[in-house]
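Chemist: Sequence:
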Amino acid sequence: MLKKPGIYKVGGLGACTLIDKSSLNKGVNFSRLYNISYIGEDRHFCIRAAALGIQLYVDTYYPAYHIYREEDLEGVDEYKKGNINLNFKINRLNAYNTLKVALEGIGDCGYNKPINRKYLNFFEEDLVSSILLNYNRTIIKDRVKNKREIISYKIIEMNNIDEVKIKVIYSDRGYSNDYSYYKEFFSEFIVKILKNEYKIVSWDNKVEREPIVTPLIRKAKDKGNKLTLSMVVKNEENRFLKEVLISAKEYIDNAVIIDDGSTDNTVDIIEDILKDIPYRLIKNEESKFSNEVSLRRQQWDETIKINPDWIVFLDADEIFEDKFKDYIRVLMENTEVDGYLFRLYDFWDENHYRDDSLWCAHNTYRLFLIRYQENYNYLFKKTAQHCGRIPYNCINLPYFITTLRLKHYGWARVQDRIEKYNRYMKLDPKGEFGSLEQYKSILDKNPSLTLWEENNM
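Every letter in the sequence shown is one number past the one before it in my numbering, and letter 157, counting from 1, is 157.
By construction, these hints were calculated from the structure, which means they are not laboratory data. Please note that a few of the clues may not be correct.
Listed next, the in silico DSSO-like pairs over lysine-lysine satisfying Cα-Cα at most 30 Å (straight line) [unchecked claim]: (1) 249 with 283; (2) 407 with 249; (3) 100 with 206; (4) 4 with 167; (5) 219 with 249; (6) 81 with 4; (7) 242 with 325; (8) 89 with 118; (9) 89 with 206; (10) 430 with 420; (11) 226 with 242; (12) 221 with 305; (13) 118 with 199; (14) 226 with 381.
When you get a sec, could you build the whole thing from the sequences and use the hints?
Modeler: Pasting the structure below:
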């Protein structure tokens with residue numbers, strides 16, 4: 001590491017040592033320590049310095065020239081001439097380091113995060129004015145949040161040792177008016193030493209270039225997000241639909257519901273409970289459940305027609321724990337994620353969930369809440385049963401795991417378990433789309449159950 005020119009913190013020093021006045025005032029010196037057996041005053045100096053809390057550094061920019069006797073002074077001029085190229089190298093390195101800190105520093109900003117003045121100090125005043133003008137015209141106006149990174153650079157030789165030209169390719173990524181962007185630019189900079197400080201005096205030829213790989217353009221609103229409930233229902237009048245909708249109504253902004261051929265009062269329940277919020281109700285004359293992928297695809301297509309911000313996918317027998325409504329708005333404001341994973345608990349009665357090797361969904365985190373990305377190519381599993389209510393490749397987008405829990409009452413009543421057992425055995429008798437062993441366990445007489453406890457923390 002020390003072969004790369006720089007200043008490094010070390011444990012010991014030798015020979016040429018520059019000592020500042022504050023260290024001398026603390027009492028650092030080369031006197032021998034009586035209880036240290038090491039030979040050499042340099043070692044005693046370093047031990048004493050460490051004991052006094054003085055940090056030691058080595059400067060590897062220049063090779064040291066040792067002067068032990070008077071005749072060694074004759075070699076100083078030759079030593080200095082030999083280091084001319086090294087001076088250029090050091091100057092180039094310092095100039096680039098200055099440019100990197102300054103360019104990336106001013107690029108780390110946003111409409112709610114002004115440019116840090118300490119980075120502007122690296123630029124000449126004329127450049128500072130144009131940088132601030134651009135900030136006011138675009139960053140604030142377009143609600144930009146930006147991060148900048150130098151991808152590559154090339155230092156161009158110049159005749160003046162105090163002046164360095166640097167060609168740079170850098171990237172800007174972030175969000176503008178709630179949509180992500182990624183851009184790459186080519187620019188030329190000139191860095192000069194002015195009053196013993198490196199200053200960026202020129203910024204020319206800012207040209208946008210085509211990235212080798214263009215990331216997905218994401219929608220990412222940090223406020224004002226609306227939540228859409230997406231659901232499929234069928235003959236839910238005497239089950240849990242009413243409780244589910246009353247609970248969901250506390251946190252959703254609108255809903256899209258597919259009624260898959262109900263013959264009871266399911267539609268009336270929906271219209272009554274959701275009458276105060278916008279919703280779309282699509283009625284299938286004939287059920288599509290025997291080909292679930294077709295039904296789920298219909299659910300998806302109808303939901304995205306309203307161009308939702310966030311979508312929560314619930315079945316008519318699923319209810320989030322009470323505190324979900326207190327956290328959902330905070331979750332949706334996170335611009336870095338497009339989905340949240342939750343644990344689902346299969347209730348076997350009103351207060352207990354099943355917990356055994358075949359019924360352990362609560363040990364797995366699954367997507368139920370996603371941010372809709374209009375530029376993403378969503379894909380569904382093409383299986384007749386158990387294709388999933390959400391496109392399977394949603395998991396490839398950035399997501400977070402949450403400790404919030406989802407209660408599933410689909411197995412909570414004996415008559416429901418019998419009905420589902422018969423349905424799965426009819427539609428999937430060989431267990432091609434699911435677990436035949438799990439199907440058969442639906443009617444176990446003594447299942448392992450665990451008491452549900454609300455977590456209000």
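Chemist: Look at each hint and say if it fits the structure.
Modeler: Going through the hints against the structure:
Between the alpha carbons of residue 249 and residue 283 the distance comes to roughly 21 Å, so the proposed pair stays at or under 30 Å and holds. For the proposed pair residue 407 and residue 249, the alpha carbon gap of about 16 Å is at most 30 Å, so the pair holds. A C-alpha spacing of about 16 Å is found between residue 100 and residue 206, which places the hinted pair at or below 30 Å, so the restraint holds. Proximity of residue 4 to residue 167 is assessed by CA-CA distance (about 22 Å); at most 30 Å being required, the pair is judged to hold.
A hinted pair counts as satisfied when its Cα atoms are at most 30 Å apart, and residue 219 with residue 249 qualifies at roughly 25 Å. Taking the CA atoms of residue 81 and residue 4, the gap is near 21 Å; set against the 30 Å cutoff, the hint holds. Distance hint between residue 242 and residue 325 is fulfilled; the C-alpha atoms sit about 17 Å from each other, no more than 30 Å. A hinted pair counts as satisfied when its Cα atoms are at most 30 Å apart, and residue 89 with residue 118 qualifies at roughly 26 Å.
With a C-alpha separation of about 26 Å, the suggested pair residue 89 and residue 206 falls inside the 30 Å cut-off, and the hint holds. The straight-line distance between the Cα atoms of residue 430 and residue 420 is roughly 15 Å, inside the 30 Å bound, and the hint therefore holds. Restraint check: the Cα-Cα separation between residue 226 and residue 242 comes to about 22 Å, which is no more than 30 Å; the hinted pair holds. Note on residue 221 and residue 305: the hinted pairing holds, with a Cα-Cα distance of about 19 Å set against a maximum of 30 Å.
Simply put, residue 118 and residue 199 have alpha-carbon atoms about 12 Å apart, close enough for the 30 Å limit, and the pair holds. For a cut-off of 30 Å, the pair hint linking residue 226 to residue 381 stands: about 27 Å separates their Cα positions.
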